[in-house]
Amino acid sequence: MNGSEISDPQIAAEDLVKRFGDFVAVDHVSFRVARGEIMGFLGPNGAGKSTIIRILCGLLRPSSGRARVAGIDVARDPEGVREHIGYMSQKFSLYRDLTVEENLRFFGGIYRVPHALLQKRIQFAIDMAGLADRANALVSTLAGGWQQRLALGCAILHQPPILFLDEPTSGVEPTSRRRFWDLIHTLAAEGVTVLVSTHYMDEAEYCDRAALINQGRIIAIDSPGALKNTPLGGEFLLLECEALGPTLAALQKGPGVIDASVFGNSIHVLVRNAEQSLTRLPPYLSEKGLPPRRLERIHPSLEDVFVHLVAADLAKRREAA
Amino acid sequence: MLARLLAIMIKEFLEISRDEAARFILVVPPILQMLIFGYAASFEVYHVSTAVLDFDHSQESRELIARFTASNRFDIVKVASSQHEINETIDGSAAAVALVIHAGFAELLRKGQNAPLQVIVDGTNSNTALIALGYVNTIAEGFAQEYATDLAQRVQGFAPNTGATRAAALV
Amino acid sequence: MRLRRLKALALKEVLQIWRDPRSLVIALLLPFTQMFLFGYGINLDLKHIPICTFDREGSQQSQDLFKHFQASLYFAIVENVKTYQEMVTALDRGACSAGVVVQPDFSQRLNDTGTASVQAILDGTDDNTANIAWGYAAAVVSSYSNDVQVAALDRQGRTLQQIQPLSVQSRVWFNEDLVSRNFIVPGLVAVILALVGAQLTSLTIAREWERGTMELLVSTPVTSTEVMFGKLLPYLALGWLDAAFCLVMAALWFEVPFRGTLFALFLTTTLFLALVLSIGYLISVLIHSQVGASQIALVVTLLPAMLLSGYVFPIDQMPPVVQDLTYLMYARYYVTIVKALFLKGSGIPELLTPILFLVVYAIAVVALAARAFRKRLT
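Protein chains in written order, with our numbering: chain S, 1 to 321; chain R, 322 to 492; chain A, 493 to 870.
In case anyone wonders, no lab produced these hints; they're calculated from the structure.
Hints are supplied without guarantee of correctness; some may be wrong.
[Stated by the list, open to error] In silico DSBU-like links for lysine-lysine, alpha-carbon gap of 35 Å or less:
1. S/Lys-91 / A/Lys-499
2. A/Lys-559 / A/Lys-574
3. S/Lys-253 / S/Lys-288
4. A/Lys-499 / S/Lys-120
5. A/Lys-539 / A/Lys-499
6. A/Lys-539 / A/Lys-559
[Claimed, not checked] Derived coverage of chain A by chain R (criterion: at least 3 residues anywhere in the stretch with Cβ under 8 Å from a Cβ of chain R; other residues may be distant):
7. 620 to 627
8. 804 to 812
9. 824 to 835
[Said to hold, decoys possible] Computed beta-carbon distance windows for the label pairs:
10. R/Arg-344 / S/Gly-264: 49 to 59 Å
11. A/Met-493 / R/Thr-390: 31 to 41 Å
12. A/Gln-562 / R/Ala-343: 51 to 61 Å
13. S/Gly-191 / A/Gln-787: 44 to 54 Å
14. R/Gly-463 / A/Asp-639: 35 to 45 Å
15. A/Leu-520 / R/Gly-463: 46 to 56 Å
16. R/Ile-331 / S/Gly-245: 41 to 51 Å
17. R/Arg-344 / A/Leu-795: 52 to 62 Å
18. R/Arg-344 / S/Gly-191: 53 to 63 Å
19. A/Ala-856 / S/Arg-66: 35 to 45 Å
20. R/Ile-397 / A/Met-493: 22 to 32 Å
21. A/Gly-784 / S/Asn-136: 27 to 37 Å
22. S/Asp-22 / R/Ala-362: 46 to 56 Å
Ideal Cβ placement from N, Cα and C applies to all residues, glycine included.
Turn these sequences into a full structure, and let the hints steer you where they fit.
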């Protein structure tokens, strides 16, 4: 569901392509985002998430295709787009040698926030970031989570209708991540359209819709719930055991097993029929001297979906080639 | 230790040889700079821009001026017709040296009296000014010598006691 | 161009400069040390040139001649040699820069014919010293010659006027004492400003790219002109601090006479500073690494400014090809201007040509920089 049914999209990409020499970073990407919607871009590093965002911000010129942000064509009028957006880049890009307040004041001036409003907006940003007692601290002295929240504050001083956040939570510890997402939700509730990219699959749960991106292509785009229910041609089992390596190897040839892969300390097994495999796998493995400690059916996670979809996509391309 | 040193040296050579920018920087700028700066950095004094104001318009005055031109050290860039023009020329840096010959120059010479040559030098670059002044004096002395000898020969038997002169050899 | 954004950019730059000790050191300490080093270090005035004397006659007159050399401030007799070989050795060794030789028949020729020669042998390896020593030696001999003549004429009851056909009356304008420091120090100010100016701004853009702040900045409505002026204005103030310091030092410490108007000085210096800072800015735009930008800034400014700007080596003595090249050397115009302001007391009308060159240059560089600074990543 790429949102083509949305009549008044805040963000609309149509067949977007970006090439760097021979390398295709963005490969015919199309989607739409409605007002007040939180769209998540999920995918590994190098998938093209940042590139798409940069194109939408007018920072990169698309090789072909069109994109409109706030109704403005980004290729034709990149400057016009900038008044309407807030942007957080992947690499932290506030001024470390300036204080919290000086950074906010700077961006307030850059976005020409009216003087009467500026002090209130700055205070709002400081409170939102929880930096009330650190307003005069140099940004270089702040820890990662605080810096990210401050960067978000700088991006919303001028109350833009659309926010582009490029991996805002990378390298930030989990509680700070939660806190950050709470902020995004508050903003979205006020009608701000947010496009967030992340390589943490679990963060997709926080989005209204998520697009799975791999090698410059959107391989799936839907609400998190719908994505998790993607038919994968099988059912998932969770297996815990002693020796991961040998068990994994053995499972590949196991009865009714379609695929098996390691997830953390356990193995996710994709089987044709869960009931059957639950009974047939333990003896099969015990025979090989690899009895499982635990074996149960699980609902596929987004990561499972992603891995499966990527593999399927790869296979499809090889066939086409 | 020597083996390690050698290994590092070889690695450096390999890296430099594969770095196009480094290869360029090692060759082109030094050659260019040697050429340009080699020619630029010189304290020699040739073709000094000179202005001339000749009120006398005599053969002698023209002869004197000709000697300056012939010396290769001075280039006449302006023939002025008034002191004001001379002042302007020096002020405006159009000439670095000005030669002024007043009316009656030739007459003084013929009478065997002392004739003055006025020289104005732009002292802004004191180094060139000093050297240029040296050349002016040499040329003037040369003219004076020859004129005096010439005059003496024409006035029979009179051998002027003109004192010592100098000859120099550059080592 | 929005004033609000310009102010925000300029304020940010000021805060960053203030909190970056490295920039401040370059800005303030460097000119100070350079002025001292080069102001005192480069001195073309020659005094006490070491010479050897070779008196082949040993008469009253030859002794008299050498006394004249001894008395001169410009020479210092370091050795009296007895043979030509010794003199050549002394010159080779560098014990002396010149040798003065009086032939065995000196006084005889003087008394008989009225003309005798004095031989000067000059070490030509430093042709500048040789040239100047030559001139000085001529002057000393000339003075001796005068004395001889006056004495002779006294005996004959005549005056000098009747004998010497031509006398040179020379006047030196502008640098009357012919002190080399007077023309070197003003030129030095120009060279220092050219160097320091370019260094200051060469880092500014590159630093933002390297730190990642540029990516955020270009995503805002800010225009490239605003970025440029927002950055240049604070550096202009800093550059003015430097310029003021150097100029005051030139006038008060080195005692170079200042005969121009302060207004002309202010106008031309501001123009030159704007140009020099823009050049550093252009380098910073073109080269995204701080180290690279700083190096290029140095290479492009240092040697050319010192050798091709007319600072020490006069441009009109260079081969025509090289002279044409110096038109590209922007420092040359300010060198001309500042020397003229100090020593000649020239006004703006007289300096119109170099000023116009500076203006054209500045416009070209600013236009180039504005175009080169792209607000896109690719």
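Results of checking the hints against the structure:
| no. | hint | verdict |
| --- | --- | --- |
| 1 | S/Lys-91 / A/Lys-499 | holds (26 Å) |
| 2 | A/Lys-559 / A/Lys-574 | holds (18 Å) |
| 3 | S/Lys-253 / S/Lys-288 | holds (12 Å) |
| 4 | A/Lys-499 / S/Lys-120 | holds (20 Å) |
| 5 | A/Lys-539 / A/Lys-499 | violated (56 Å) |
| 6 | A/Lys-539 / A/Lys-559 | holds (17 Å) |
| 7 | 620 to 627 | holds (count 6) |
| 8 | 804 to 812 | holds (count 6) |
| 9 | 824 to 835 | holds (count 4) |
| 10 | R/Arg-344 / S/Gly-264: 49 to 59 Å | holds (51 Å) |
| 11 | A/Met-493 / R/Thr-390: 31 to 41 Å | violated (57 Å) |
| 12 | A/Gln-562 / R/Ala-343: 51 to 61 Å | holds (58 Å) |
| 13 | S/Gly-191 / A/Gln-787: 44 to 54 Å | holds (51 Å) |
| 14 | R/Gly-463 / A/Asp-639: 35 to 45 Å | violated (21 Å) |
| 15 | A/Leu-520 / R/Gly-463: 46 to 56 Å | holds (55 Å) |
| 16 | R/Ile-331 / S/Gly-245: 41 to 51 Å | holds (42 Å) |
| 17 | R/Arg-344 / A/Leu-795: 52 to 62 Å | violated (21 Å) |
| 18 | R/Arg-344 / S/Gly-191: 53 to 63 Å | holds (59 Å) |
| 19 | A/Ala-856 / S/Arg-66: 35 to 45 Å | holds (38 Å) |
| 20 | R/Ile-397 / A/Met-493: 22 to 32 Å | violated (53 Å) |
| 21 | A/Gly-784 / S/Asn-136: 27 to 37 Å | holds (35 Å) |
| 22 | S/Asp-22 / R/Ala-362: 46 to 56 Å | holds (50 Å) |
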